[in-house]
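**Q** Each chain is listed here by its residues.
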Amino acid sequence: MIATGQRAKGWGFVAPALIWTLAFFIVPFIVMGAMSLATLDGRNLIWGVSFDNYASLAERRFLWRAIVVSLEITVTVTVVSVLLAYPLAWIIAFNVPARWQRLALLLAILPFWTSYVVRSYAWLLVLAREGVVNQTLMTIGLIAEPLTLANTRFATVTGFVHFFVMLLTLTIYANLVQLSPNYRRAAQDLGANAFQTFRHVILPLTLPGIVTGAFLTFVLCIGDYVTPQILGGNTELTVPQVIMVQLGRRADFPLAAALAIVLMGIVTLAYLAAARWLRLDRL
Amino acid sequence: MMRVLPWVYLAAAFVFIYLPVGTLVLFSFQDGRLPVPPFNGPSLRWYGDVLGDARLMAALVNSVGVAFVSSTIAVTLGFLAAYGLARHHLPGSALVRGLLIAPLTVSYLIVGLGLLIVLTQTGFGLSLVTAGIGHVVINLPLAFAIIYAAMGAQQQNAERAARDLGATEARVILLVTVPMLAPAIGAAFFLSMTFSWDEFIIAFLLTRFDVTLPVEIWSLLRSGLSPRLNAIGSLVFLISVAFVLLLELLILRKRK
Numbered sequence: 001m002i003a004t005g006q007r008a009k010g011w012g013f014v015a016p017a018l019i020w021t022l023a024f025f026i027v028p029f030i031v032m033g034a035m036s037l038a039t040l041d042g043r044n045l046i047w048g049v050s051f052d053n054y055a056s057l058a059e060r061r062f063l064w065r066a067i068v069v070s071l072e073i074t075v076t077v078t079v080v081s082v083l084l085a086y087p088l089a090w091i092i093a094f095n096v097p098a099r100w101q102r103l104a105l106l107l108a109i110l111p112f113w114t115s116y117v118v119r120s121y122a123w124l125l126v127l128a129r130e131g132v133v134n135q136t137l138m139t140i141g142l143i144a145e146p147l148t149l150a151n152t153r154f155a156t157v158t159g160f161v162h163f164f165v166m167l168l169t170l171t172i173y174a175n176l177v178q179l180s181p182n183y184r185r186a187a188q189d190l191g192a193n194a195f196q197t198f199r200h201v202i203l204p205l206t207l208p209g210i211v212t213g214a215f216l217t218f219v220l221c222i223g224d225y226v227t228p229q230i231l232g233g234n235t236e237l238t239v240p241q242v243i244m245v246q247l248g249r250r251a252d253f254p255l256a257a258a259l260a261i262v263l264m265g266i267v268t269l270a271y272l273a274a275a276r277w278l279r280l281d282r283l
Numbered sequence: 284m285m286r287v288l289p290w291v292y293l294a295a296a297f298v299f300i301y302l303p304v305g306t307l308v309l310f311s312f313q314d315g316r317l318p319v320p321p322f323n324g325p326s327l328r329w330y331g332d333v334l335g336d337a338r339l340m341a342a343l344v345n346s347v348g349v350a351f352v353s354s355t356i357a358v359t360l361g362f363l364a365a366y367g368l369a370r371h372h373l374p375g376s377a378l379v380r381g382l383l384i385a386p387l388t389v390s391y392l393i394v395g396l397g398l399l400i401v402l403t404q405t406g407f408g409l410s411l412v413t414a415g416i417g418h419v420v421i422n423l424p425l426a427f428a429i430i431y432a433a434m435g436a437q438q439q440n441a442e443r444a445a446r447d448l449g450a451t452e453a454r455v456i457l458l459v460t461v462p463m464l465a466p467a468i469g470a471a472f473f474l475s476m477t478f479s480w481d482e483f484i485i486a487f488l489l490t491r492f493d494v495t496l497p498v499e500i501w502s503l504l505r506s507g508l509s510p511r512l513n514a515i516g517s518l519v520f521l522i523s524v525a526f527v528l529l530l531e532l533l534i535l536r537k538r539k
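Top to bottom, those sequences are chains A and B. Residues in the first sequence are numbered consecutively from 1, following the working numbering. Residues in the second sequence are numbered consecutively from 284, following the working numbering.
Don't read these hints as lab results, they were simulated from the structure. No experiment lies behind these values; they were computed from the predicted model shown. Treat the hints with care, since some could be wrong.
Unchecked claim - Covered stretches of chain B, going by a simulated chain A footprint (3 or more residues, C-beta under 8 angstroms):
#1 300-309
#2 480-490
What the hints assert, rightly or not - Over 10 angstroms on every C-beta distance to chain A, these chain B residues come out as not near it, computed from the model:
#3 F312
#4 Q404
#5 L409
#6 G417
#7 P466
What the hints assert, rightly or not - With beta-carbon atoms standing in for the labels, derived distance ranges:
#8 B:S506 x A:Q135: 33 to 43 angstroms
#9 B:V291 x A:F62: 23 to 33 angstroms
#10 B:L521 x A:A144: 47 to 57 angstroms
#11 A:G33 x B:T451: 37 to 47 angstroms
#12 B:G348 x A:L45: 28 to 38 angstroms
#13 A:L106 x B:W290: 42 to 52 angstroms
Think of the CB as a built atom: it goes at the ideal place given N, C-alpha and C, for glycine as much as any other residue.
For reference, chain A alone in the conformation it holds in the complex:
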């Protein structure tokens, strides 16, 4: 008796959040799935079960190309960000004196809190033809003519790497400071040099932190519309950009929905590939 009453009360507390999530996340998600199977006749939407939208990914070159571009950019960004962030996290964890570490970390990730739009605009400013980088390089005489840096894939990757270096520094640092110094001492006592200690002891122990950060990078990077739209120019489009084009000009919601489902499929594959090392509960 009491147990059932308590249980009903418990559901009463959970219900508002659950209903909100069902109504505004799960239901829209199911409708989006159904939408990806609908077709467009002129401007009229025809609900049904058709795989035309998915088939067109293979048939229409620019759709296939967008998936390839998205993957290339995302993989490049993930790898470069990990390679740059690991030494930074390492230095903050082991070279910076303990009492300054919290401040160093806070400073290293403060610009992380700039919105995507403002951060991308700021990079446009830095990389513009008359921008800081070109002016500096010309002043010190490294180049005679300004380089085309903005509106390229290089600019997109730079903007992304900047953001994710900060994110990864945070996750890798959290991992490094949890390591007991005894592991390093033990490895050194057993005759390992600095490189061997890193390769066979530290690296395997920090792998979960790296993979978790890399997975987050992958997910956030492949789904972002703002950075490539502002910094990439219009020479090549990523999947989120193509989705937005469908929503705007042609109001082709079925194709946009199908592309969104494909994007989720890619993220799911990345999750399965990384699942062995992922520690999402530890975030």
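Based on the hints, put chain B in the right spot on chain A.
**A** Same frame as chain A, now just chain B:
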């Protein structure tokens, strides 16, 4: 050589990290039409320009309003769900937790697209309210996870004591649970505020006439580089930093 190397790397990393924000803020004080070197100034004219712009200021107020209301809803719902799941043994609670966390695993674009499809199909108009609904969807999992993780045995003992002394459940929650969890609730609230206030893609997809600040900035971007954009961008950054510092000073410090 090996002793200096880490410090050189640290310095280079900081230059890279602060290059865009530094350039943004420096040239917001530019006295001229282009926010590129050489720097003339400092001048506050662009801040005057931005603060006197009715559209931008309306968008700023909208952004803060949407962030405040959506964060309040997200934290309230998140707290209630965390309390229900931590204090009552419910069947299928693992599934419920999974469902509540699920929106975290999906990109904002897809959350926004799903809502947009449902809203246009049902003929529901787009407004600041629909953008706020979207922001609750993305912040609710975060608020729930933070508060749920903070619920421990010591609060449960205090709650039990209050109940034994005759307090009703509502009084126990308001006078015992909420004050004891104040740091986690505050952290969840400020984090939600930070995420919602400068969120772009959901607000872009789900608003129409009244827009939030990031959406207004987006439409200004079409006219190219301008010190006005630097000034408003610097203000956005400053307000975000204020949220983060508040979070750090008020809540995370106390935990130690």
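**Q** Each hint needs a verdict: does it hold in this structure or not?
**A** Comparing the hints with the structure gives:
Residue count for the stretch 300-309 of chain B with a Cβ under 8 angstroms from a Cβ of chain A: 7. That meets the three needed, and the coverage hint holds. Counting residues of the stretch 480-490 of chain B whose beta carbon lies closer than 8 angstroms to any beta carbon of chain A gives 5, which reaches the threshold of three, so the coverage claim holds. With a closest Cβ-Cβ approach of about 14 angstroms to chain A, F312 (chain B) is found to remain outside the 10 angstroms limit, as its non-interface label requires. Chain A draws Q404 (chain B) into its interface by the beta-carbon criterion, the shortest separation being 7 angstroms against a cut-off of 10 angstroms.
Every CB of chain A is more than 10 angstroms from the CB of L409 (chain B) (nearest about 12 angstroms), matching its label as outside the interface. Interface exclusion of G417 (chain B) from chain A breaks down, the closest Cβ pair being 7 angstroms apart, not more than 10 angstroms. Against the 10 angstroms criterion, P466 (chain B) stays outside the reach of chain A, whose nearest CB is about 17 angstroms from its own CB. Checking the proposed 33 to 43 angstroms range against S506 (chain B) and Q135 (chain A) shows it is violated: the Cβ atoms sit about 22 angstroms from each other.
The supplied range of 23 to 33 angstroms is broken by V291 (chain B) and F62 (chain A), whose beta-carbon atoms lie about 44 angstroms from each other. Hint check: L521 (chain B) to A144 (chain A), Cβ distance near 38 angstroms, so the stated range 47 to 57 angstroms is violated. At about 44 angstroms, the beta-carbon gap between G33 (chain A) and T451 (chain B) stays in the expected band of 37 to 47 angstroms. For G348 (chain B) paired with L45 (chain A), a C-beta distance near 34 angstroms keeps the hint of 28 to 38 angstroms intact.
Range check, L106 (chain A) to W290 (chain B): about 19 angstroms between beta-carbon atoms, so the 42 to 52 angstroms window is missed.
The structure is inconsistent with the numbered hints 4, 6, 8, 9, 10, 13, although it conforms to all the rest.
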